[in-house]
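One letter stands for each residue in the lines below.
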Amino acid sequence: MHRMSDDKPTTAGTPARVLEIDHLTLKFGGLTALDDVTFHINEGEILGLIGPNGAGKTTCFNAITGIYAPTSGAIVFGGSSIAGRKRHEIAKLGVARTFQNIRLFKSMTALENVLVGADAQHTTGMASALFRLPKHRREEREGHERAMELLRFMGLDRVPDELASNLSYGDQRRLEIARAMATNPKLICLDEPAAGFNPAEKAQLMELIRRVRDQGFTVLLIEHDMKLVMGVTDRIVVLEFGKLIAEGAPAEIRDNPAVIAAYLGVDEEDAS
Amino acid sequence: MSTESSSTTARTSRMSFGQRVAALPKPVKIGLLILAAVFAYALPLLEPPFISPPGTDFGGVLFTVTIYCIVALGLNIVVGYAGLLDLGYVGFYAIGAYTAAILTSFHANWPLLLALPVAVLASTLSGVLLGWPTLRVRGDYLAIVTLGFGEIIRLVAQNTEWLGASKGISQIAKPSGASLFEIPHLNWDSGVPLLDFNDTTKFIEFGVLDQIPYYWLGLTVVILVLFADRLIKDSRVGRAWEATREDEDAAELMGVPTFKFKLLAFATGAFIGGLAGALYASRQGFINPLSFLLLFSILFLAAVVVGGQGNRWGVLVGAFLVAYLPERFRDFSDFRVLAFGAALMLLSIFRPEGLLPPRRTVRARHAQHDIEALEEGTEGEDAPHV
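Chains as they are written, first to last, in our numbering: chain A, 480 to 751; chain B, 37 to 422.
Some hints here could point you the wrong way.
Rough simulated footprint, nothing fancy, chain B against chain A, three-plus residues with beta-carbon under 8 Å [stated by the list, open to error]:
hint, stretch
1, 566 to 580
2, 728 to 736
List time: in silico DSBU-like cross-link candidates among lysine-lysine, alpha-carbon distance up to 30 Å [what the hints assert, rightly or not]:
hint, chain 1, residue 1, chain 2, residue 2
3, B, K65, A, K665
4, B, K203, A, K614
5, A, K614, B, K65
6, B, K296, A, K585
7, A, K614, B, K269
8, A, K565, B, K62
9, A, K665, A, K681
10, A, K571, B, K62
11, A, K571, A, K665
12, A, K681, A, K706
13, A, K585, B, K210
To spell it out: a stretch of chain B is covered by chain A in this simulated footprint if at least three of its residues, at any positions, have a beta carbon under 8 Å from a beta carbon of chain A; those stretches are [what the hints assert, rightly or not]:
hint, stretch
14, 285 to 298
15, 361 to 370
Simulated from the structure, these hints should not be mistaken for laboratory data.
Yeah, the Cβ is synthetic: ideal placement off N, Cα and C, and Gly gets one too.
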């Protein structure tokens, strides 16, 4: 609950693994969207997941967050397998996400959107709400405090009662991140958070993602913008046609001929 | 903060009635609500001219209105909050009515007070049983399945001897009352209201002729349901319903067990529907399958949609209109459906969100104006991406 202090540095040494993707394969009929993909995310790092359109990045996200059940392979989160578990259970365990095309609760206010996220860790039911039991009151108070804290963090505290659909595009993107953070996750998956941003906004977003990480969250980032990815991530995983083709620090990835080929769309032979 | 308050004062001039009411201090609001409640309780005794329908018992008409109010509040939870289109709501209403009828008259001799909880429980259970398999389908499919449910309940009642078949069930128990004292009505015949001691209502005796005590009972239930509705809506449960309505997948990924909450909405709606049905059966004393036609499902839904789904006060207004107007203008009852169709068309043109849309949509429209005004001033500042 109290992650707002900015004094937590990134862990050094041998960090624990938050998420392990182990030989993950996902097939839709005859189409193999993910083919034997293996990578992991360390605690407290920002991992970039990149690749050309249709490489399987979002599919990978969807498998992690429980939208698709893997055809084979394992997804281990915090030491236990989450493959095939229900989506809301995975969210409660500590995987939160944003969406490539913004999916806020449009006719709810900014604050309510974040409260729905905070409710993920709450258990107030019909009886508690109806009789205003202490649990309801405690959870409402904690939820409101946390939600306002997050809105402040995202610079949205001036519009808590505005409907989500009335927020500007950038604010909507930030609100999605706030909502995801409110579920109190260990891992936040950001699906192209910079889509539709101009360079100045992208720079701000890079800064924001770093600050999110500094609060103790682990970040998995899908992004097209190479500059953003190179600037903000600790490690990068590259997918192409559902296969993992490279993994490493940003500098290594930049010079990797396979990655260059994938992005420029030429054969490796021609590129070398 | 200061900029906010100055902009709100600037906005007061074009605040709507609803906003002005919302802006009143809390004690004033509570006082107004109590006044309104007292007036509502006293209404059938006042018998105001013109409002009181000629030729029929005012208390009876008002009781019907309260039944529609209860039903509309229940259906509003399902349709307005959780966004589940239920076209078979009369099914729950029927289950509540039939359970009360069977237990108090047809197969047992329970007092109504004992039968009421069982009736409510039975309809809640039927809501869970119907929702369990069907809430996995969405939108149009759910509408069709619930439509079928409502008809199945009616047809089962129609064809089962044990449920009275088409003859129905009569002599359903009335609530046990106590005649404490008599309250005189007002008489407006001379143009000025006078106390009429020949026309009195026994407090509180549930007889056959005087329907006013039923109305008081119904109104009390409406108020209780209103309170419960408010408490539930303003909690994790209400937010989960709204989130599910807005975007089911996103809600699920934010940790909302959407299926569980949809089922909860369904069960809550069934609970309230069953309660209304049991009260209706008790007042009527007699029910048969014709009391639960598909038409009623549509009328219930009309009350919710006309009033403004998602707004508890809106659906009360809708319920009042749907139940009261046909009684008031009985002389024109042949034109009832025609008038109804015309009203719905006018409504969809001029008030597509219902007479009293939920405050969020009202607020959104105001905010939309503000944003448009801003965008005219500072072009491209917050322009959405291309």
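Comparing the hints with the structure gives:
1. Note: the stretch 566 to 580 of chain A has 7 residues with beta-carbon separation from chain B under 8 Å; the three-residue rule is met and the coverage holds.
2. Counting residues of the stretch 728 to 736 of chain A whose CB lies closer than 8 Å to any CB of chain B gives 0, which falls below the minimum of 3, so the coverage claim is violated.
3. Of the pairs offered as hints, the one joining B/K65 and A/K665 is violated, with about 45 Å between alpha carbons and a cut-off of 30 Å exceeded.
4. Taking the CA atoms of B/K203 and A/K614, the gap is about 50 Å. The hint is violated against a cut of 30 Å.
5. Between A/K614 and B/K65 the alpha-carbon distance is near 28 Å, which keeps this suggested pair within the 30 Å criterion.
6. For the hint pairing B/K296 with A/K585, the CA-to-CA distance comes to about 22 Å; that is within 30 Å, so the pair holds.
7. Distance restraint check for A/K614 and B/K269: the Cα-Cα separation of roughly 16 Å lies within the 30 Å cut-off, and the hinted pair is therefore satisfied.
8. Proposed proximity of A/K565 and B/K62 is contradicted: the alpha carbons are some 43 Å apart, above 30 Å.
9. Between A/K665 and A/K681 the alpha-carbon distance is near 24 Å, which keeps this suggested pair within the 30 Å criterion.
10. Distance check on the hinted pair: A/K571 and B/K62 sit about 37 Å apart at the alpha-carbon level, beyond 30 Å; violated.
11. For a cut-off of 30 Å, the pair hint linking A/K571 to A/K665 stands: about 10 Å separates their Cα positions.
12. Pair hint A/K681 plus A/K706 holds up; C-alpha atoms about 9 Å apart against a cutoff of 30 Å.
13. Pair hint A/K585 plus B/K210 does not hold up; C-alpha atoms about 47 Å apart against a cutoff of 30 Å.
14. Evaluation of the coverage hint for the stretch 285 to 298 of chain B: fulfilled, as 10 residues show C-beta separations to chain A shorter than 8 Å, against a requirement of three.
15. Here the stretch 361 to 370 of chain B counts 0 residues with a CB under 8 Å from a CB of chain A, which misses the bar of 3, and the coverage is violated.
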